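There are 2 protein chains.
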Amino acid sequence: MLTFEGQKIQGSQNIVNKLTSLPFDQCKHTITTVDCQPSGPSGGMLVFVSGNLQLAGEQHALKFSQMFHLMPTPQGSFYVYNDIFRLNYA
Amino acid sequence: MLTFEGQKIQGSQNIVNKLTSLPFDQCKHTITTVDCQPSGPSGGMLVFVSGNLQLAGEQHALKFSQMFHLMPTPQGSFYVYNDIFRLNYA
Chain A
1 MLTFEGQKIQ GSQNIVNKLT SLPFDQCKHT ITTVDCQPSG PSGGMLVFVS
51 GNLQLAGEQH ALKFSQMFHL MPTPQGSFYV YNDIFRLNYA
Chain B
1 MLTFEGQKIQ GSQNIVNKLT SLPFDQCKHT ITTVDCQPSG PSGGMLVFVS
51 GNLQLAGEQH ALKFSQMFHL MPTPQGSFYV YNDIFRLNYA
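If you're matching them up, the sequences are chains A and B in order. Note that the numbering used here has the first sequence beginning at 1, numbered continuously upward. Note that the numbering used here has the second sequence beginning at 1, numbered continuously upward.
Take every hint as true, because none was put in to throw you off.
One copy or any two copies: either way a pair holds, since identical chains are not told apart in the list.
Result set (DMTMM-like, lysine to aspartate or glutamate): computed pairs, CA atoms no more than 25 Å apart in a straight line:
| # | residue 1 | residue 2 |
| --- | --- | --- |
| 1 | Lys-8 | Asp-83 |
| 2 | Lys-63 | Asp-83 |
| 3 | Lys-63 | Glu-5 |
Hints were generated in silico from the structure; no laboratory data involved. Being a predicted model, the structure only gives us computed values, none of them experimental.
Next comes chain A alone, as it looks inside the complex (with noise of 0.2 Å):
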């Protein structure tokens, strides 16, 4: 599920649809900080980032910090199960 900027979707068709209908085409991340941490006995994985957005045709980068939360697949790899996006409005 994702949590982007207090709107909450739920499902990986709606998440999809949401990231795409995003009403900007361009976005550079640069990220600041990343901090991970295991999440428990389920084997996943917390990871929390901080940096910046910037939008193509603007001139001022966002703050923002996203925090995601992995969880393993039986094959060996994992899927974003949690996702929480916020801009860090000066």
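Add chain B to chain A, keeping to what the hints say.
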């Protein structure tokens, strides 16, 4: 476990030692956003917070983001399993 500005600290006693050794006595938290999601089959809860910190004697507030992973106890309560804290420098 706690990741505080990139420093990794494990175990409740070590975390208490870290938090009580921070070089200030008073700190006012102003919460701007709180997002929550269930974290999976183990019954945990992810909490993602952003806001401002005002240290005693400092004129300017510091922006921060922090996430907690709360895990259930058999007594029906929760405890903090993961805690990641970052300041958001402007």
